[in-house]
Structures are given as C-alpha cells and as structure tokens.
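**Student:** These are the residues of each chain, in order.
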Amino acid sequence: MTTMLKDVCRHIRSKNAGPYWVTFDLFFDGPENFAKYHDHPALGPDLFHRLFGADPALVQRFPVPGLEMIKISYARTSAQGGVVERDMHCGQQFVRLLDVALD
Amino acid sequence: MLDGPIKILVPTGSLGAGAREDEVRHGIVAGAHAIATDAGSTDSGAAYLALGISKNNRGSVKRDLTILMKAAAAAKIPLIVGTSGQAGGDLNLDWTRDIAVEVAAELGIQPKIALLYCEQDKALLKARNAAGKIRPLPPLGPLEDASIDACDHIVAVMGPEPYIAALRAGADIILGGRTTDTAVLASFALMKGAHAGAAWHAAKVAECGAQCTVQPSGSAGVLISIGDDGFQVEPLNPKNRCDPHSVSAHMLYENANPFVLTEPGGVLDVTDARYLPVDDRVVRVSGSVWTPKPYTMKLEGAGGGRYQTIMLIGIQDPDVLSRVDEFHDRMLAALYERTRKTMGLRDTSSTSRCAYMAGTPCRATARRPAPHRPGKSAFCSWPRPTARRGRRRSPRPATPTSSTSPSSWTRNCPATASPFPRPTLIAAPSTSSS
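Top to bottom, those sequences are chains U and A.
Residue numbering for the first sequence follows the working numbering, beginning at 1 and increasing consecutively.
Residue numbering for the second sequence follows the working numbering, beginning at 1 and increasing consecutively.
In short, the hints are calculated from the structure, not lab data.
Idealized CB from N, CA, C, for every residue including glycine.
Careful, some of the hints might be misleading.
For lysine to aspartate or glutamate, the following EDC-like pairs were computed, each having C-alpha atoms within a straight-line distance of at most 20 angstroms [what the hints assert, rightly or not]:
hint	chain 1	residue 1	chain 2	residue 2
1	A	K112	A	D22
2	U	K6	A	D317
3	A	K239	A	D228
4	A	K62	A	D172
5	U	K6	U	D29
6	U	K6	A	D319
Looking from chain U toward chain A, a few residues come up when the C-beta cut is under 7 angstroms (computed) [claimed, not checked]:
hint	residue
7	T23
8	K71
9	G81
10	Q92
Over the 12 angstroms line for every Cβ pair with chain U, so calculated as not near, a few chain A residues [as the list claims (entries may be wrong)]:
hint	residue
11	A46
12	N255
13	A256
14	V320
Modelling step: build the complete structure from the supplied sequences, incorporating the hints.
**Tutor:** Here is the structure:
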C-alpha cells in the first residue's frame with residue numbers, strides 16, 4: 001500500500017509568511033518517521049512547482065530535528081491580497097500535500 | 001551587568017484583541033518594568049495602510065488601552081505600543097492617539113505621550129531608489145517609480161531605536177507607527193542593556209501574546225524576563241503554562257525561516273537556542289545570537305485601486321468536508337456567541353438570532369459549540385488523530401471563537417463580521433533600503 005504524507009505526520013499546516021511567502025509545517029509522527037521521510041525526494045522543490053506553480057529556486061527547506069518537523073516555504077506566484085487572491089492566509093494550501101505518495 | 005532580569009508584560013498579541021485586567025494585574029505584581037504590545041499586522045492585507053483605517057474596532061482598542069493605561073499609570077511604568085491602528089501609517093497612528101487622549105481624560109491622568117511617525121516622502125524614496133539605495137526583497141523585482149506613485153501611504157518599518165529615544169526623553173506612553181513586532185517588545189530591555197540575542201528572541205516568542213503557551217485559547221498575554229545571558233517566558237494566566245515545545249514551536253509560526261529573523265539593525269539566529277523548563281509553567285531559553293548588520297528598513301506601501309466586492313469561500317480540508325453540517329452548526333453557534341458577547345446581549349433563542357443574523361434560510365437547530373480542545377485552535381491545519389493518545393477520535397472542525405492567533409480562521413471567513421469595511425486590496429511592492 002502506498003504511504004502518503006498524511007500517514008506519517010501527526011500535524012500538517014500552512015500559513016502565509018508575510019505578503020510574498022507561504023510556509024508549510026510538517027510535524028512527523030515520531031522520530032522514525034522524521035528520520036525516514038523529512039528529506040524524501042518526493043517533498044522536494046519540484047513538488048511545489050507542480051502543485052503550486054512555485055519557482056523551484058525559491059523553495060526553502062528547514063528540518064527542525066528537535067521538533068521532529070520540517071518547514072518548507074516557497075515564494076507565492078502572486079502577492080497576498082491581490083486581485084487574483086484565492087487563499088488570503090494560505091490556510092487551505094496544505095490540503096494538496098496530504099496525499100503526496102512517499103513510497 | 002543588570003541588577004536583575006528586565007520584565008516586560010505583553011498583555012495581548014494585538015492591541016484591541018482583548019487584554020485581560022486580571023492578567024495585567026498579575027504581571028504588574030510579578031514586577032513588570034514595562035508593558036509592551038503590538039497593534040497591527042500586514043496579515044489581513046494592504047487595505048488598512050491604503051485607507052489609513054484600523055481593523056480592530058474603536059471600542060476594542062479603547063477597552064484595551066483603558067486597561068493598560070490605568071495599570072501603567074498606577075505602577076508608574078511605561079506603556080509601549082507599536083504598529084498603531086493595524087498598519088502604522090500616520091492616519092492609523094493619529095486614530096490611536098485620539099483614543100489614548102480620550103482615555104487619559106476619562107482616567108484623569110496626564111501621561112506624556114510620544115508619537116513615532118514613519119511615513120515616507122515619495123520624492124525622497126525616488127531619489128534613494130535612483131541612487132541604488134533601495135533593493136527588492138525576493139521574490140520581487142526592482143522597485144519602479146510608478147509603484148511609488150501608485151501608493152497612497154508608504155511606511156518604513158522601524159526598529160527599537162526611536163522607542164529607546166522616546167523612553168529616554170521620559171515618555172509615559174509611546175504610540176509607534178509601523179514597527180517590527182519584536183522591536184516594540186525588545187526596546188525597553190535593549191535600552192537597559194540586557195543580552196541582545198535574548199531580548200530579540202524573547203520578543204519574537206511573545207509577539208503573539210499567549211500563542212507561545214500550551215493553551216493559547218485560555219489566556220491573552222505572557223511575561224518575558226530578560227537577563228544577561230537568556231530569558232524566561234511564562235503565561236500571565238496562572239492556570240496556563242509554557243513548555244519547551246510550545247515556546248520553541250513559536251519560531252515556526254508565520255516565518256519562512258524558523259531559525260533566522262532579519263531585523264532593521266541585525267539578524268537574530270536561534271539555531272543553537274536551548275529551551276529548558278524552569279518549573280511546570282516557566283521556560284528558560286539561552287543560546288540566542290544577535291549579529292548587528294548595516295541598518296536597513298523595510299518599506300511597505302499600499303494604494304487604493306481595483307477591488308472585488310464578492311468573496312466566494314471554498315473549503316478544501318477533507319476533515320471539514322466530511323462533517324460539513326457539524327462545521328456549519330458550530331460556526332453559527334460560535335458567531336452567535338461572539339455577537340452576544342460583543343453586544344452584551346442576553347442568551348435568547350438561537351432560532352430567532354439565526355434568522356436575524358443570517359438573513360437567509362438556515363437551520364433552526366443551531367447548537368452550542370462543543371467545548372474547545374485546548375491547543376488545537378488552528379483551523380488551517382490538519383491534525384491526524386493519533387493512536388498514541390490511547391483512543392481513536394475523528395478529527396473535528398475547530399471552533400473559531402477561541403482562536404487568538406493572527407492566522408486564525410475567523411479573520412479569513414466572511415461569515416464573521418467582515419474585516420474589510422471597504423475591500424480595496426492592492427499590494428504595492430515592499431522593499432528594503434539601506
């Protein structure tokens with residue numbers, strides 16, 4: 001059976017970080033899942049390009065081992081609150097990550 | 001060397017969000033040297049800067065200012081407010097000043113009030129831009145003069161220096177224009193010579209008030225105590241607590257980078273910070289590093305322009321969608337509760353309120369919200385029920401009432417009182433100048 005991101009995380013959230021960035025917090029469920037998946041290629045910049053149209057060069061990753069989580073941020077393709085705004089605080093953006101296949 | 005830690009009472013995450021008199025009293029008794037709070041954010045869009053209006057309503061801001069000005073005057077300690085009136089533009093600041101003057105008259109006090117304006121002259125900015133003194137923040141491209149012209153108001157985000165100057169000049173109350181949240185909270189401790197890394201990091205942890213505590217929905221503020229080599233943080237509500245996880249996790253919140261924070265005169269790096277419990281409700285943090293850098297100020301500009309007047313709301317969260325009726329009922333009940341509280345209404349029949357409030361057909365069975373689950377207030381998240389808790393329970397939609405976070409779902413949702421009196425939203429480039 002395919003393992004999806006939601007199977008190995010206890011908490012996933014998304015939020016705008018200022019008007020030009022979106023940030024995702026992936027809290028893994030336990031140290032084993034953090035060790036095994038935090039650096040998984042399926043969670044690389046290409047994923048954010050594919051799902052959100054992000055420039056892969058503007059995707060940043062920050063593992064935080066103490067909290068068994070990884071933070072991933074990307075530059076939005078349009079500014080917060082602009083005329084094409086679809087998610088002011090990016091609070092729903094995490095949904096697209098839930099079913100990302102890991103193995 | 002300090003004689004002892006510098007204690008800053010941070011009553012709420014945003015002036016007008018609901019400071020609590022009992023918590024403020026607790027912080028004063030604990031020996032607070034100053035009260036400091038932020039009063040704004042860019043989070044809700046550019047309209048507040050473009051139009052010079054506040055998001056928090058006048059009554060809420062006046063209520064909080066009354067509590068804080070009364071406490072500060074009685075304790076003879078300064079009250080420091082940054083990013084006045086949501087956006088920190090000159091109009092936003094003047095609006096806040098008028099309320100403070102009114103409150104002072106009502107309380108019968110005569111505080112010395114410092115006003116820190118930070119709006120910028122367009123001709124000056126164009127000259128600086130032509131001289132290569134303004135550079136874009138990624139992902140933006142170069143700043144064009146046309147963008148400067150399109151703005152109605154442009155602010156430069158201040159650091160702690162103007163606050164320190166005002167404190168040294170003997171201000172009892174400081175009302176600042178646009179300022180980094182951290183600079184507002186760190187200014188007093190920095191002036192007193194506290195450890196710079198600790199002062200900035202403590203300010204970052206406390207910027208959203210009780211957001212860094214275990215039960216953010218149960219209280220409003222925190223007390224930070226900044227010493228020679230670290231700081232401590234504790235909730236102002238004696239029943240709430242901080243633990244190393246709640247404090248360290250706050251660096252994640254709405255930051256693109258969880259370790260490094262760029263400020264006007266330097267950079268805070270918390271990569272090597274250590275978070276240790278002092279007791280069951282106080283956390284001590286050390287190892288935060290402040291590195292001075294050439295001084296830069298971020299520019300934020302906004303102007304009125306094209307706008308949309310209809311908002312269509314979609315929910316993608318699968319957990320909410322699977323129980324959308326329950327979500328609807330809980331949200332409605334939460335809105336009634338908030339309306340009742342705000343307007344001081346008695347608890348009457350849900351049905352009649354429903355018809356009156358919504359103005360559209362709606363179910364007559366609106367239930368009260370179920371008790372809030374502490375620590376799970378973020379609607380914009382996906383908590384998976386874990387087997388480790390010993391029982392399975394299906395995730396349920398959070399109740400919007402109890403979230404105090406700036407990212408809270410209620411601000412996002414047009415079903416609540418709209419934060420946009422006139423929804424004019426067009427973001428102008430924000431740049432950094434040196």
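**Student:** The structure should be examined with respect to each hint, and the outcome stated for every one.
**Tutor:** Hint check results:
no.: 1; hint: K112(A) to D22(A); in the structure: 25 angstroms, violated
no.: 2; hint: K6(U) to D317(A); in the structure: 13 angstroms, holds
no.: 3; hint: K239(A) to D228(A); in the structure: 28 angstroms, violated
no.: 4; hint: K62(A) to D172(A); in the structure: 17 angstroms, holds
no.: 5; hint: K6(U) to D29(U); in the structure: 10 angstroms, holds
no.: 6; hint: K6(U) to D319(A); in the structure: 12 angstroms, holds
no.: 7; hint: T23; in the structure: 5 angstroms, holds
no.: 8; hint: K71; in the structure: 5 angstroms, holds
no.: 9; hint: G81; in the structure: 4 angstroms, holds
no.: 10; hint: Q92; in the structure: 5 angstroms, holds
no.: 11; hint: A46; in the structure: 6 angstroms, violated
no.: 12; hint: N255; in the structure: 6 angstroms, violated
no.: 13; hint: A256; in the structure: 4 angstroms, violated
no.: 14; hint: V320; in the structure: 9 angstroms, violated
The structure is inconsistent with the numbered hints 1, 3, 11, 12, 13 and 14, although it conforms to all the rest.
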